[in-house]
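Participant: Here is how the chains run, residue by residue.
Number of protein chains: 2
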Amino acid sequence: MPPLHRLTPALRRLRAPNTLCPLSRPSTSRSFHLSPRTLDEKASPTTSASSADHAPQEAPDRAQSKIKYTSDSYPDLKRDSRFKKVTKEDVEHFRSVLGSSEAAILDGVTNETGEEDFESFNSDWMRKYRGQCRLVLKPETTEQVSKVLKYCNEQMLAVVPQGGNSGLVGGSVPVFDEIIINLSRMNQVRSFDDVSGVLVAESGVILQQADEHVAKQSHIFPLDLGAKGTCQIGANVATNAGGLRLLRYGSMHGNILGLECVLPDGTIMDDLSKLRKNNTGYDLKQLFIGGEGTIGIITAISILCPQRSNAVNVAYFGLESYEKVMEAFKEAKKQLGEILSAFELMDAASQSLYHKASGAKLPLEAEHPFYCLIETSGSNTEHDSEKLNAFLEHVMSEEIVSDGVMAESETQVQSLWACREGISEAGQHWGGVYKYDLSIPLPELYELVEDARKMFEGNGLMSAEDESFPVVDVVGYGHMGDSNLHLNVAVRRYDKEVEKALEPWVYEWVAKRQGSISAEHGLGIAKKAYIGYSRSETMIKLMKQVKGLFDPNGIMNPYKYI
Amino acid sequence: MPPLHRLTPALRRLRAPNTLCPLSRPSTSRSFHLSPRTLDEKASPTTSASSADHAPQEAPDRAQSKIKYTSDSYPDLKRDSRFKKVTKEDVEHFRSVLGSSEAAILDGVTNETGEEDFESFNSDWMRKYRGQCRLVLKPETTEQVSKVLKYCNEQMLAVVPQGGNSGLVGGSVPVFDEIIINLSRMNQVRSFDDVSGVLVAESGVILQQADEHVAKQSHIFPLDLGAKGTCQIGANVATNAGGLRLLRYGSMHGNILGLECVLPDGTIMDDLSKLRKNNTGYDLKQLFIGGEGTIGIITAISILCPQRSNAVNVAYFGLESYEKVMEAFKEAKKQLGEILSAFELMDAASQSLYHKASGAKLPLEAEHPFYCLIETSGSNTEHDSEKLNAFLEHVMSEEIVSDGVMAESETQVQSLWACREGISEAGQHWGGVYKYDLSIPLPELYELVEDARKMFEGNGLMSAEDESFPVVDVVGYGHMGDSNLHLNVAVRRYDKEVEKALEPWVYEWVAKRQGSISAEHGLGIAKKAYIGYSRSETMIKLMKQVKGLFDPNGIMNPYKYI
Chain G
59 MPPLHRLTPA LRRLRAPNTL CPLSRPSTSR SFHLSPRTLD EKASPTTSAS SADHAPQEAP
119 DRAQSKIKYT SDSYPDLKRD SRFKKVTKED VEHFRSVLGS SEAAILDGVT NETGEEDFES
179 FNSDWMRKYR GQCRLVLKPE TTEQVSKVLK YCNEQMLAVV PQGGNSGLVG GSVPVFDEII
239 INLSRMNQVR SFDDVSGVLV AESGVILQQA DEHVAKQSHI FPLDLGAKGT CQIGANVATN
299 AGGLRLLRYG SMHGNILGLE CVLPDGTIMD DLSKLRKNNT GYDLKQLFIG GEGTIGIITA
359 ISILCPQRSN AVNVAYFGLE SYEKVMEAFK EAKKQLGEIL SAFELMDAAS QSLYHKASGA
419 KLPLEAEHPF YCLIETSGSN TEHDSEKLNA FLEHVMSEEI VSDGVMAESE TQVQSLWACR
479 EGISEAGQHW GGVYKYDLSI PLPELYELVE DARKMFEGNG LMSAEDESFP VVDVVGYGHM
539 GDSNLHLNVA VRRYDKEVEK ALEPWVYEWV AKRQGSISAE HGLGIAKKAY IGYSRSETMI
599 KLMKQVKGLF DPNGIMNPYK YI
Chain F
59 MPPLHRLTPA LRRLRAPNTL CPLSRPSTSR SFHLSPRTLD EKASPTTSAS SADHAPQEAP
119 DRAQSKIKYT SDSYPDLKRD SRFKKVTKED VEHFRSVLGS SEAAILDGVT NETGEEDFES
179 FNSDWMRKYR GQCRLVLKPE TTEQVSKVLK YCNEQMLAVV PQGGNSGLVG GSVPVFDEII
239 INLSRMNQVR SFDDVSGVLV AESGVILQQA DEHVAKQSHI FPLDLGAKGT CQIGANVATN
299 AGGLRLLRYG SMHGNILGLE CVLPDGTIMD DLSKLRKNNT GYDLKQLFIG GEGTIGIITA
359 ISILCPQRSN AVNVAYFGLE SYEKVMEAFK EAKKQLGEIL SAFELMDAAS QSLYHKASGA
419 KLPLEAEHPF YCLIETSGSN TEHDSEKLNA FLEHVMSEEI VSDGVMAESE TQVQSLWACR
479 EGISEAGQHW GGVYKYDLSI PLPELYELVE DARKMFEGNG LMSAEDESFP VVDVVGYGHM
539 GDSNLHLNVA VRRYDKEVEK ALEPWVYEWV AKRQGSISAE HGLGIAKKAY IGYSRSETMI
599 KLMKQVKGLF DPNGIMNPYK YI
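As given, the protein sequences belong to chains G and F, one line each in that order.
Add 58 to the 1-based position in the first sequence for my numbering, that's all there is to it.
Add 58 to the 1-based position in the second sequence for my numbering, that's all there is to it.
Chain G on its own, in the form it takes in the complex (with noise of 0.2 Å):
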């Protein structure tokens, strides 16, 4: 049996600065929540979802003035003449509903307002869509929200409901003129019983807010992602958001127990159940879950937020194959069972990349064709080492794992994310990258990387060393415990024959395996029209008898989804 490495001194050193790529994991890491000091802390501006598997499909370009308008990249699209242009009378009507303060309306229809004071509203975090709305409205109550979404659905005003613009799929900001109703003000924590544990929050509270409140209870919200310092937990839900919990706490349809949505005719569907238990009738909050903002506006939440464990762990190790990849997620679900939190996946290209993008060491001295990262989060930090030592012993006895190390202090527990979530970030070091967020069953998840090297090495696209050839490799990593798999393709350059090679082959490889061609980012527009290879026509037909029942006029969040 090989010996089980305690590798603190080569754990530390990976905290040497690193001058080529600096990663750091986001102020919002896992480890630091479960610190008390993390309280304390305030959100990072987010750029952080761009160290995370959340990146857009093209790198932004920063440096870019402007920002294309989305009717210009979608020149198929034309905006939709049923609706009304925004009015002065209709400006003047929202005044009345809302106030005329600033902090209300944002308006450019009536004022002079600069179309750069729109730029924030207008654009998503990725400069990648830009619509043209002149109107930005932000409703502090429910009822207000009620009166403007009655008026617009009987004006035949388009809107887009809008929280924190973290999305990755252009889903909440407009195509042309749409109004924005921006849910930032409705951002107040209405109750938290910490014996039930079950939270109930105004839709525009920042996900990191709603954490902490709950942590001062021992609580903690049951979803986490990168962005977590400006996205609101509102739009979280209306996107059916997964992040790096739900292996252990599950998704939102599980855990959210009541909605207050407000419908296009300004019905108030008042669902604020604080129930684990009601069995009254067709659920229809689940309709809202994950229904980006095209039914109707979620203005509250009810949701039940876990205990909060006091232990985290977190161990790196390398395997020979991703069937030992396999048997070993078995064995943790196993050994580690109630404990385990995360199971994430990394293949050798991705560790190599990382490597020589960042400069940094990493955690094992010999190369392996996989490597995994487990985190254990439990109620008793002895208990959960034992488990996990236990564990790691058992899979390298077996020769299952062949090597591994564990972290024994929090730095150590962040350099070992760092070789996980500093793989997005490493991939747009030779240039660019395209990458695919996809759910794939288990058991076939790790071939689409083989496949697409494949066919890479065939098309003779692909160099290791030759500038020539616009791709540099293929990158497969993921969340193993979720069947979610990123592959990216990094690139020198972006390359319509890159691109056409690509596109629609993954989205037929994935459809061909029963896959999803959006594990979680939603379809937005950026996944409209790939929706059919992942739902079957009849599924398609139904998702737009839904849409036409509740907003019949067609006024919500129109040109995306479905």
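Misleading hints may appear alongside valid ones.
One copy or two, it doesn't matter: identical chains are merged, so the pair holds either way.
Capping the alpha-carbon separation at 20 Å, the derived lysine to aspartate or glutamate pairs in DMTMM-like fashion look like this [claimed, not checked]:
| no. | residue 1 | residue 2 |
| --- | --- | --- |
| 1 | Lys602 | Asp323 |
| 2 | Lys274 | Glu385 |
| 3 | Lys388 | Asp251 |
| 4 | Lys392 | Glu440 |
| 5 | Lys146 | Glu212 |
| 6 | Lys599 | Asp609 |
| 7 | Lys512 | Glu561 |
| 8 | Lys599 | Asp323 |
| 9 | Lys142 | Asp609 |
| 10 | Lys143 | Glu456 |
| 11 | Lys570 | Asp328 |
| 12 | Lys208 | Glu557 |
| 13 | Lys558 | Asp509 |
| 14 | Lys419 | Asp461 |
| 15 | Lys570 | Asp509 |
FYI, nobody ran anything at the bench for these hints, they're computed from the structure.
Given chain G's structure and the hints, the job is docking chain F onto it.
Facilitator: For chain F alone, coordinates are given in the frame of chain G:
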């Protein structure tokens, strides 16, 4: 600090023969699940639910030769004349689809099949509801279900989907002459992946068999309930069954990954995803979870099965107030976190009733106003015992808990559970029991019991001693961890005055606190009239629109639900 009892002999005494009222746990008891033996045990004929919390409003009179027709119990309900009566031609058509074997069709239309052959299909197990169906169809494939439904929809033939027929609200039996579509022959496990834990199985698979199937590979079906020996997994999903594992594993809305459903017009909705993450459009399958067969028939499910726990521990303790119970629950969540799998509440009256009815000695010597039962399930026996011990020592030294015992053998685990699970049957000891299954926000949960007691003291209907009073006692118990209270009113005889005092008083009480009048049993025919106490007019209107969208002819499970 009072000593922590280890009352092994006392617990053993609970095993003494019990002549008054034999209270045995169903063969499907949780403690047994966790021993390898279970896998070889055959399901007992399921009257097991009779010893669970799921007893009918009135105790069934098993001696009664004929059950009253539902149409007689609900004289206001008239057969919908839009529905065609089944003809010989219809039966011929169904034979062409399903074949002519008796296994496929039970035909009282063209044959002289006697009414008694239809008894088990027309009547529910409580012998409370009885329909007048003369045609039972038992399809074997999804395509057959599709052809059958398409024909019924075109011909305006009303249908009732039927699983194990162990429901409690009359949802699975016809009211008039609806055709029964029984799913019992669709009983194949299609696949189980022991890496991801995803089981895909047809609707007619018995819950216990599904659990045994995944148990072979160290997984657990994330649902457990008294009727597991007869109930079917498709119907479990259709009724959004909650059961015993909800506190730990969450609800169907989170665990169901995909469904295959047949819509009334015969459309097969193939949404049998095996993915944990799939953000591509409205999550329509959620409408079928808890839809009670009113918008389509679930033919197969895809469900995430967690790892099975190796270790189970059970403790039972006494507390001096409901406030202390809440504190104990908070501490249990904090200290037992990830291993807590049950937190059950029993009041003094419930334990006294159990003791009087069964003659069994209670685990604690002294009497306490409240009792709780805690169960932990984890991957390591020693760790779990240590955590549970530390928890008990803490709550006792802090005087949150007054006294406690911990089971040290499987027999003792059973004995402690009997104190909780025996209450339902014990209630029948004096004659009968009025039962309510309610969700109430935790802080107010027990007030209902106190208020009910006050009410009966005030109106002179209750006396513990005087046999001329109808009510013996009011007891409260239930799944504290799920905010689910069982209110039982033990009576010497069923009495109109008691009923008038209870209803709609109980429903109004619950509605005022935003509780649910049906925590997990569903609506069926029994609670159809009361949905307004738990859902707003807006919600009911929307639900009716959804029903209309999926089932425009209204042939699916008519006269029930909303």
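Participant: Which of the listed hints are broken here?
Facilitator: 10, 12
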